[in-house]
Every structure is written in structure tokens, then in C-alpha cells.
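Q: Residue numbers (the UniProt record's numbering), protein chains in the order written: chain A, 1 to 280; chain B, 1 to 280; chain C, 1 to 280; chain D, 1 to 280.
Wrong hints could be hidden among the right ones.
Identical chains share a label here; the pair holds if one copy fits it or two copies do between them.
Unchecked claim - Below are the DSSO-like pairs computed for lysine-lysine, each with C-alpha atoms no more than 30 Å apart in a straight line:
hint, residue 1, residue 2
1, Lys90, Lys247
2, Lys152, Lys16
3, Lys16, Lys198
4, Lys16, Lys67
5, Lys178, Lys90
6, Lys16, Lys90
7, Lys140, Lys67
8, Lys195, Lys16
9, Lys152, Lys178
10, Lys247, Lys195
11, Lys152, Lys90
12, Lys16, Lys178
13, Lys67, Lys198
14, Lys67, Lys152
15, Lys90, Lys140
Don't read these hints as lab results, they were simulated from the structure.
Protein chains: 4
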Amino acid sequence: MILTLSCPDQPGIVAKVSTFLFERGCNILDAQQFDDQETGDFFMRVVFDPYGADRDTLRSEFETLAKGFSMRWTLRDPAERYRVMILASKFDHCLADLVYRWRIGELPMDVTAIVANHPAETYTHVDLSGLPFHHLPVTKETKFEQEAALWKLIQETQTDIVVLARYMQVLSDGLAAKLKGRCINIHHSFLPGFKGAKPYHQAHARGVKVIGASAHYVTGDLDEGPIIEQDVERISHRDTPEDLVRKGRDIERRVLARALRWRLEDRVLLNGRKTVVFTD
Amino acid sequence: MILTLSCPDQPGIVAKVSTFLFERGCNILDAQQFDDQETGDFFMRVVFDPYGADRDTLRSEFETLAKGFSMRWTLRDPAERYRVMILASKFDHCLADLVYRWRIGELPMDVTAIVANHPAETYTHVDLSGLPFHHLPVTKETKFEQEAALWKLIQETQTDIVVLARYMQVLSDGLAAKLKGRCINIHHSFLPGFKGAKPYHQAHARGVKVIGASAHYVTGDLDEGPIIEQDVERISHRDTPEDLVRKGRDIERRVLARALRWRLEDRVLLNGRKTVVFTD
Amino acid sequence: MILTLSCPDQPGIVAKVSTFLFERGCNILDAQQFDDQETGDFFMRVVFDPYGADRDTLRSEFETLAKGFSMRWTLRDPAERYRVMILASKFDHCLADLVYRWRIGELPMDVTAIVANHPAETYTHVDLSGLPFHHLPVTKETKFEQEAALWKLIQETQTDIVVLARYMQVLSDGLAAKLKGRCINIHHSFLPGFKGAKPYHQAHARGVKVIGASAHYVTGDLDEGPIIEQDVERISHRDTPEDLVRKGRDIERRVLARALRWRLEDRVLLNGRKTVVFTD
Amino acid sequence: MILTLSCPDQPGIVAKVSTFLFERGCNILDAQQFDDQETGDFFMRVVFDPYGADRDTLRSEFETLAKGFSMRWTLRDPAERYRVMILASKFDHCLADLVYRWRIGELPMDVTAIVANHPAETYTHVDLSGLPFHHLPVTKETKFEQEAALWKLIQETQTDIVVLARYMQVLSDGLAAKLKGRCINIHHSFLPGFKGAKPYHQAHARGVKVIGASAHYVTGDLDEGPIIEQDVERISHRDTPEDLVRKGRDIERRVLARALRWRLEDRVLLNGRKTVVFTD
Numbered sequence: 001m002i003l004t005l006s007c008p009d010q011p012g013i014v015a016k017v018s019t020f021l022f023e024r025g026c027n028i029l030d031a032q033q034f035d036d037q038e039t040g041d042f043f044m045r046v047v048f049d050p051y052g053a054d055r056d057t058l059r060s061e062f063e064t065l066a067k068g069f070s071m072r073w074t075l076r077d078p079a080e081r082y083r084v085m086i087l088a089s090k091f092d093h094c095l096a097d098l099v100y101r102w103r104i105g106e107l108p109m110d111v112t113a114i115v116a117n118h119p120a121e122t123y124t125h126v127d128l129s130g131l132p133f134h135h136l137p138v139t140k141e142t143k144f145e146q147e148a149a150l151w152k153l154i155q156e157t158q159t160d161i162v163v164l165a166r167y168m169q170v171l172s173d174g175l176a177a178k179l180k181g182r183c184i185n186i187h188h189s190f191l192p193g194f195k196g197a198k199p200y201h202q203a204h205a206r207g208v209k210v211i212g213a214s215a216h217y218v219t220g221d222l223d224e225g226p227i228i229e230q231d232v233e234r235i236s237h238r239d240t241p242e243d244l245v246r247k248g249r250d251i252e253r254r255v256l257a258r259a260l261r262w263r264l265e266d267r268v269l270l271n272g273r274k275t276v277v278f279t280d
Numbered sequence: 001m002i003l004t005l006s007c008p009d010q011p012g013i014v015a016k017v018s019t020f021l022f023e024r025g026c027n028i029l030d031a032q033q034f035d036d037q038e039t040g041d042f043f044m045r046v047v048f049d050p051y052g053a054d055r056d057t058l059r060s061e062f063e064t065l066a067k068g069f070s071m072r073w074t075l076r077d078p079a080e081r082y083r084v085m086i087l088a089s090k091f092d093h094c095l096a097d098l099v100y101r102w103r104i105g106e107l108p109m110d111v112t113a114i115v116a117n118h119p120a121e122t123y124t125h126v127d128l129s130g131l132p133f134h135h136l137p138v139t140k141e142t143k144f145e146q147e148a149a150l151w152k153l154i155q156e157t158q159t160d161i162v163v164l165a166r167y168m169q170v171l172s173d174g175l176a177a178k179l180k181g182r183c184i185n186i187h188h189s190f191l192p193g194f195k196g197a198k199p200y201h202q203a204h205a206r207g208v209k210v211i212g213a214s215a216h217y218v219t220g221d222l223d224e225g226p227i228i229e230q231d232v233e234r235i236s237h238r239d240t241p242e243d244l245v246r247k248g249r250d251i252e253r254r255v256l257a258r259a260l261r262w263r264l265e266d267r268v269l270l271n272g273r274k275t276v277v278f279t280d
Numbered sequence: 001m002i003l004t005l006s007c008p009d010q011p012g013i014v015a016k017v018s019t020f021l022f023e024r025g026c027n028i029l030d031a032q033q034f035d036d037q038e039t040g041d042f043f044m045r046v047v048f049d050p051y052g053a054d055r056d057t058l059r060s061e062f063e064t065l066a067k068g069f070s071m072r073w074t075l076r077d078p079a080e081r082y083r084v085m086i087l088a089s090k091f092d093h094c095l096a097d098l099v100y101r102w103r104i105g106e107l108p109m110d111v112t113a114i115v116a117n118h119p120a121e122t123y124t125h126v127d128l129s130g131l132p133f134h135h136l137p138v139t140k141e142t143k144f145e146q147e148a149a150l151w152k153l154i155q156e157t158q159t160d161i162v163v164l165a166r167y168m169q170v171l172s173d174g175l176a177a178k179l180k181g182r183c184i185n186i187h188h189s190f191l192p193g194f195k196g197a198k199p200y201h202q203a204h205a206r207g208v209k210v211i212g213a214s215a216h217y218v219t220g221d222l223d224e225g226p227i228i229e230q231d232v233e234r235i236s237h238r239d240t241p242e243d244l245v246r247k248g249r250d251i252e253r254r255v256l257a258r259a260l261r262w263r264l265e266d267r268v269l270l271n272g273r274k275t276v277v278f279t280d
Numbered sequence: 001m002i003l004t005l006s007c008p009d010q011p012g013i014v015a016k017v018s019t020f021l022f023e024r025g026c027n028i029l030d031a032q033q034f035d036d037q038e039t040g041d042f043f044m045r046v047v048f049d050p051y052g053a054d055r056d057t058l059r060s061e062f063e064t065l066a067k068g069f070s071m072r073w074t075l076r077d078p079a080e081r082y083r084v085m086i087l088a089s090k091f092d093h094c095l096a097d098l099v100y101r102w103r104i105g106e107l108p109m110d111v112t113a114i115v116a117n118h119p120a121e122t123y124t125h126v127d128l129s130g131l132p133f134h135h136l137p138v139t140k141e142t143k144f145e146q147e148a149a150l151w152k153l154i155q156e157t158q159t160d161i162v163v164l165a166r167y168m169q170v171l172s173d174g175l176a177a178k179l180k181g182r183c184i185n186i187h188h189s190f191l192p193g194f195k196g197a198k199p200y201h202q203a204h205a206r207g208v209k210v211i212g213a214s215a216h217y218v219t220g221d222l223d224e225g226p227i228i229e230q231d232v233e234r235i236s237h238r239d240t241p242e243d244l245v246r247k248g249r250d251i252e253r254r255v256l257a258r259a260l261r262w263r264l265e266d267r268v269l270l271n272g273r274k275t276v277v278f279t280d
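Isolated chain A, as found in the complex (with noise of 0.2 Å):
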């Protein structure tokens, strides 16, 4: 079972948490926890072996805790696998590359839809067999409508996690505000630089020596969401626009599906503008 929780920080929070636990016969496995001395909030993350004690039993149980802690938290079992939905464009690299990892169980989510708009036929070379595919073409004059369908569809497959694999819509402030924390977004720069579109382009006209990209959860501001994951490649004078956009590839896909796994299992925890990630 996977515990996180968030709340001002004060003395004991640990020593409760973990007592709870140990008189409930459970074993922890791995914690991490994390005091911001900036804001005074606290962050934990446990891992622990239940020994039979009941999940729906430890709920009730460690509500009462939690409200005198005032925490914000989680409880979970890994065996409860969260259902994602990936919305994607015509770059299918990384709907190819989450596609795959999740078929060879490396990414531990039911996929509950494949939304694009653009046809399925734009897919032919990714195996998407056995996904429910809704293809939700988007224009200015259709924008509203079409989000009211992708709402619609993310509560009917109660879905918990949206991933926007390199799909180039923008969502609206409203929908971003619903999806708050559960909506992973990659965008093809290092952010903060080169927001917007062909952020490649940007980069090879400023001349950087590094190119990067960012899996951030999506907020009404573009590009401006919490990270979190990030990583970055050396590039040279020889690489032309084209050259970034291959190379961004690989850097993307790694940066999402890190993102996706670590948000999966849990480890990913909202501190205001900002993530806390107890990596593995």
C-alpha cells in the first residue's frame, strides 16, 4: 500500500503516522518525507506491507488522524492500478513509446481511451488494439464542444490521469482547473525557455548548446504548470531544426513516460506551484 500525504509541518507527524501504522501490524517498506522550510509544509510518502489489515478499514481509520493534522492524502493500493487516458496529435512518438511501455507492464495504469484529433488511421503503425479510440477533431468554432465531449468521456471511463502526449490543443482554463494534478502535459523545451510553439526552432535561432524538455502538469497559463520531470541533450552548430526536432524525440519520450511512472506510483505530490518528487 502506497500512503502520501501533505500539511503544515509540526512536531510528531511522522511519529503518528508511523505508529499508526505499526500498531495496525503493517510494515514500511520506504518512506520519504520532505519539510519545506520556505512555506512550513510537510510531504510524506510511504510504502508499506499491510499484513492483512484492511485498506478500506485503514481509510476510515487514518481520516481521524488526518484531520487533526489537517493533511491533504492518498491511500492506495498498488493492486487499484489508475486509469489514464492519452490524448495525442499527429506526432505519435510518444504515444507510441507510453503505448509500449504499458504493454510490456513497465507503465502500471489501465489505458481507459486513446483521444486524438486526428483520424485513426494517422496511427496505423502503433498497435493500439484492444484501446477504445475517439478521434475529436478540433477547430476554433468546435474548441468548446469538443472539451465538453473529452469531459464527458473522462468521467464516463472514470478516468484519473490525462496525459497530453505532444497533443498541440491547449486546453481552456476551465478544463485545466478541473483537471488540476492529474494532467500531464510534455512540452518540447527546457522550460522556462522557448515556451510556445517550435520551441526547437526558438532554440537552434538562439544558439543554445543544450536542448531539454519538461513534463509539467497542465495549469490555465501555458507552459507555466508545476514541472515535474526534466532532462536535456548537447546539440552542436551542425544541427539544423530538424536535427533538434529527432533528437527532442528521444529526450520527450524518456522525460514523459519518468513523469507518468513516478505519478503512477504515487510519488508526485503538488506543493503549490511546484512538485515534490520522491523519485525512485
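Based on the hints, put chains B, C and D in the right spot on chain A.
A: Leaving out everything else, chains B, C and D in the frame of chain A:
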């Protein structure tokens, strides 16, 4: 205060330790645990604000708890800085780097002595002012006596940690055993590749595309001690062995400095032939 | 057009080659040279716009120049794509990755065949549509026959380059010799560390802090062939052997893909036990 | 000898240059070219053994060839070392690093002066023995005069290259213009992210997962000059702004040292707002 401990895993360790601290009014600022499922050993590092709790009292009271779990443990006030001896040979880049980092406050330690098998003139460009310098030249014939002198010096100066900063003499098994867990060497290769002499020349001959350096605890078995930290850098066919030596200096410096700083902050715990490193 | 050459160094090579091209109306777009001062060998790769110069004429005329310098050389129109055979075993992440990169145009090659020692059903989630698939299971008893069948297939399909994409069979010395300079293997360790079987388990047992993968030419000497590319990733004490296998997949994929792309672009020149790689 | 040149591309440049060298008995040891297909400009760096050819004769004869192609070019015997002035402020890690690298022969240059806006006592732990030190404190009122003094010093000392080694004063547009292509600054962020003051604090506030440093030519436009080299390091939510400052020192040191060494070896060619760097 920093508490570290390791012991056979069993339920309740975190609960007991955190409750112990809570009952004495201490507040946990940072804590990391690791449960080695292979060996069944548990490792923990806790940083806490004692809020006036007395160190000696804490120590004697914790002794009882520790015994019950068969813990190896340390409890230290970071204000009591470790006493560190640095050994160097002809190449002084690691020595110069450590001394500089110490002078600007990056390495929280007291330097007990600089010991070298080359005379003081070798290091005129390193600012050793205020640091006791000992010239202990070593030959096959004098090795035994010089190691005895070194050991005497370590004891007299109450040295906690010995750093081999590109010290090119192999310690005898006997001395290595006495310094178990407190003697850090920097080897100029990415272990286990290229053990022994002239690793950069070996790397060049093999045609590798990445070189590295490894900081490890010294044991009687040359270059086989528990690894604390490693890092690497890309190279190309253009690089001569001399280029590798040059590029390697940068890797060695940062790897050794990182390993030492982690050791000074009680982040490095021995785990058989391996280390647990609770990095920052 | 891409010209590569290597020969004993002497003054005038660049002058002769560039003048040769200039006199035939060709314009050099990119050129890289390397003079191995250890062996006295010279290496060069030139990309030029032929401006209508005929390839066959260029080739026969260059032959004369090349003989005078005892050059090994190649002259190729990138439009004539290399013919590549991919060999795979049970783990198909490298296979899937190479096929995907090929489909989106990242790897300029023609795939002659997929050969596996596991049946086609193993790879249902990889889109092998349109690719000839050959199941050549190998046992101690059948190895000789199967290698003969493989070699026959290589010849019949006019395969230029053979890629061992985590193919878990060791080629015999005889076949390795026939494929000199055109068979690329991905070894899942940072060579020369952890040769042979189960390198991630070896790495875990040794307690290294960084793992890697190496793409190299196959020779009769296992994991000792000329290295083309290597890359690494940081790990920690938390990582189990299974985590290393997972993290390793990402390294293997990108290292093998990079090595293959460079080979497809004539960027990799043999230099005895080493390679000269004129990277982009 | 090292020849560098840039000019509008046209067929025959490599042929003409290499034939020029061959006819004078010179042997090319290393050569790199780059054809910027966007701007149509061609860049080249050639290292050759003159075999007794006289530098001044080569230079005057090359002038004719250069004119025909409208080349900007340099021809230099590495034995004529560049004359370098280092400017520093309170933080001296880059200063100390450069001086150390110079003393052990890693940076082939003559140091003309150390100039600081803090008094000499600030740097007691850096070995400045034998180096002219100038204290030029700057206030709003004195900036104009002090820049004039600095410029006079640059001229009097025949300084070729000025290095701002964490010098915290912004050069005026006028002085920046005079030093075009020969003044290197280290900015402690991964440009274009976090321009201006306190970049590590900006990075901490934004919650990035990787920080960096950038060495660039100084222009009148703050932190917008052509980038020569960048590098990065991973960070985590645990890192305070002070931790970033500490980790950043390591990045700054190696990025600035690399950029300077490349400049000293004539590997850095200006290409408009960008640089061509023929790395080793």
C-alpha cells in the same frame, strides 16, 4: 542533529525511532529510509531539530532502543565537525579542490593534516596556510614504517576520515582494515572498468566513448571497495590519453568532493560490499 | 554523396581529395578529418553536393587517386539506402524501437528481414507488417545449421548491415569474421565493465552508481569488439536488478539507435580495435 | 599552426585552402568544416604542421587567397599564447579555478591582469602570486571612469581576451562593442531561462528539475550574447537556493573553463548571434 542507523528489518522501527524523538520534543526535518529486500537490512537517516534536548542524554537513552533492534547507529550534532586528513601525491588537483571548497565553507570539516609522499614544495600553488603538512615519502623499504607513522598521526590528530586525494600509494591490508568505512579513495576510472594503473591509458586503448571516476571506500582489495559515487563524461576518438587525463581531472574533483560531502553529512551507510547513499 | 576513406597519413591527402571534387564541380557540404598520431593513420568523411557529377564516373576516377594513397574508401549516394537485417530474441524493446524509428523516417535504411530465435507470436505488439520474418530457433545442436541458414539469408537478401537488437545468441567466430565492420551488437553494460551474462545483476551486486549500455561491432571475442557508442544513467541503492533492467532498456534503445544511424550515414570508420565516429 | 576562416560558401574553398597548405609543405593534422545552409556561410578550422614554413610568409600569401573569398580569417602559432585578463567580483570560485588550471598548464595563455571590483584581501586564498592585480571598484558614479581605466589597461597590457569570471558588473554597450568576440562571460543559468539577477533563486521559485550555466560572448544586450558552451546538473525539491548556488559553482567552473580553452585554441567562430564551436 543527525541520526543514522542500520539493523535487521522488522516492523516498528520507524515508529519506535520517531516516537522516541517526538517524546523528547524533537522535530524531524528530513528522513530517509531504505529496506534492502535482498539482505533484510534496514537503513535510516534522520535529521531533526532537538529543540533543546541534550545530545548526551539522547544518546544514552537511544542506546537502549538501539540494543533492542541490534542497531549500528550514530548520533551527531553537525556542529561537531568531522576531523579529516587528506593524503596526496604529485597531482594536486583533488587536493587543491578540496582545500578550496573547505575554505569557502562548502565542506563542513576540520582538516587535521595534509600528508604527502612528495615534499611541500610540490604544492606551492595550493594555499595550505594554516594546515599541518607532513611529508612521508614511501619506498618499498620504508612502506611499513611510513604506514606506522601515518597511523600514529591519524590517532594523534583524532582523525575521523582519511581522504586519498589521488594518493598513489596502495594502503596495506592492515591499515585498510583499521580505516574501514572512513577512508575514501578516488579512482580515475569508471569501476569496475579499468582497475589498477593508468586507467585513462587503458580507456584510450580500449576505445571507450565515455570515461568516469569512482569514489569508494578503501578495503584491502584494490579498487574493489564499496562505491560511494561515480560520474562520467563523453569523449571521442580525437582524445589522446593526455586529453583523457585532463577531462578526467574535472570528473575526479567533483566525484571526490561529492562523496566526501555526503560522508561529512552522514549520508553514506555501509551495506556489505555496497553503500546506501541518502543523497541530497 | 558521402565519401569516407582511411589510409596511412601523408601530406596532401585533403588537398588531393578536395581538389578532385572541386575539379568535377562538386561542392563540399561537410567534412571531418582525423589523424591518429599513434598509428599514423588518417581518416576522412566528406559530404558533398555532386551537382550532376555521375557517381560511377566519380567512383572509377577516384579509384586511381585512392590507390596512390593505399586508401580503404567508400563512395555512396545516400539515396541508395543500406539494407539492414535485425535479429532479436525474447526482449523486443530494441526491435520495436528500431522499427518505429524506421517507419517515421528516422533511420534511412531498407529492412531486409527480421530474424528471431523466438516465434512470430512473441512480437504481436510490434508492427512488423510488410517485413519478412524468419524464425530461426537455435539450440546447441542446431547452431551450426542455423548460422548457415542465417548467412544464406544475409546473402540472398543482399544485407549490408546486421543488427543484434538484444539477440541473445553469440555468433560463432566464423560468422563474426564474415560480418566484420557490419554487424552491430548492443551490450547492456558499460563496457569493459560487466561483460557476459546478466550485466545488470552484476552491476547491482557490485553496487555501482551509474549503469550504461554499449553498441559495438561484433568480433569473435565476446563483448570486445570496437565500441561505437555508449551512454549511461544514474542509479541508486534503491534500484533492484529489475529496476536496472527497466532503466537499462532506455539506455540500450538510444545507444543502439544512435550507433545504427551513424553507421547508416557512413560516420563510423574502423580503426583497428577502435572506431572513429564523425558524429553529427 | 591554426588557421580559422569564415566566408560566404562557394565550391572550391577546401580545395584551395588545402592545396595552398600542401604546396607550402604543410601537413594537415586536424580539420573541421561547417556549412551553414541557413545563412550560406562557410566556417573552417585547420590545424597543420608547417614543417618549417614561415608564419609571416604564409600569412601574407594567404591574404591574397582570403581576399578572393571575402574571408575573415586568423592564422596563429599556438606558441604565441593569447593574452588574457580575468575580471572578478566577490565570489572567486571561477577565478580560483581558472588560475589553477593555468598554473598546471591546462589553459595555454598569458594572464595580463586580474581586475576586481573588490580589494586584493578578498582573494587571499587564491594564489595570485606573480599576477598583476588591479582594484577597480565601481559605483554608479564612477562606472564611466572605471570603464575607461579598464579599457586603458586592456590596451596597455595588449590583452586579447577578457574573461568575466562571475564579475557582477554589466559592461556598458560601448565597452561591450569594443570587446566583440573577445569577452567571455559566465551566466549562472541555463540561458535563455532566468536572465538577469539571482538566477538560482528564480530557478528555485519556478521549481525546475535541472539547473545550468552558460558561457557566452558579451554584447550590449544583457545575457543575449552568442552562447559558447552550456552544461547542466539535476536538482530536486530538497535543494534550497543555497544548494543551487553550491551545485551551480561546479557547473559554472567547468563551463567557463571549457569555453575559454576552446577560445584559446581558436575553436570558437562567431556566426551572427550564434557560435560555431569546433569542439575537441
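Q: Take the hints in turn and mark each one as holding or not.
A: Comparing the hints with the structure gives:
{"no.": "1", "hint": "Lys90 - Lys247", "verdict": "both (18 Å within a copy, 28 Å between copies)"}
{"no.": "2", "hint": "Lys152 - Lys16", "verdict": "neither (41 Å within a copy, 48 Å between copies)"}
{"no.": "3", "hint": "Lys16 - Lys198", "verdict": "neither (50 Å within a copy, 40 Å between copies)"}
{"no.": "4", "hint": "Lys16 - Lys67", "verdict": "both (12 Å within a copy, 23 Å between copies)"}
{"no.": "5", "hint": "Lys178 - Lys90", "verdict": "within (25 Å within a copy, 43 Å between copies)"}
{"no.": "6", "hint": "Lys16 - Lys90", "verdict": "neither (50 Å within a copy, 47 Å between copies)"}
{"no.": "7", "hint": "Lys140 - Lys67", "verdict": "neither (45 Å within a copy, 56 Å between copies)"}
{"no.": "8", "hint": "Lys195 - Lys16", "verdict": "neither (44 Å within a copy, 45 Å between copies)"}
{"no.": "9", "hint": "Lys152 - Lys178", "verdict": "within (12 Å within a copy, 61 Å between copies)"}
{"no.": "10", "hint": "Lys247 - Lys195", "verdict": "both (18 Å within a copy, 25 Å between copies)"}
{"no.": "11", "hint": "Lys152 - Lys90", "verdict": "within (23 Å within a copy, 41 Å between copies)"}
{"no.": "12", "hint": "Lys16 - Lys178", "verdict": "neither (33 Å within a copy, 41 Å between copies)"}
{"no.": "13", "hint": "Lys67 - Lys198", "verdict": "neither (46 Å within a copy, 39 Å between copies)"}
{"no.": "14", "hint": "Lys67 - Lys152", "verdict": "neither (32 Å within a copy, 59 Å between copies)"}
{"no.": "15", "hint": "Lys90 - Lys140", "verdict": "within (18 Å within a copy, 47 Å between copies)"}
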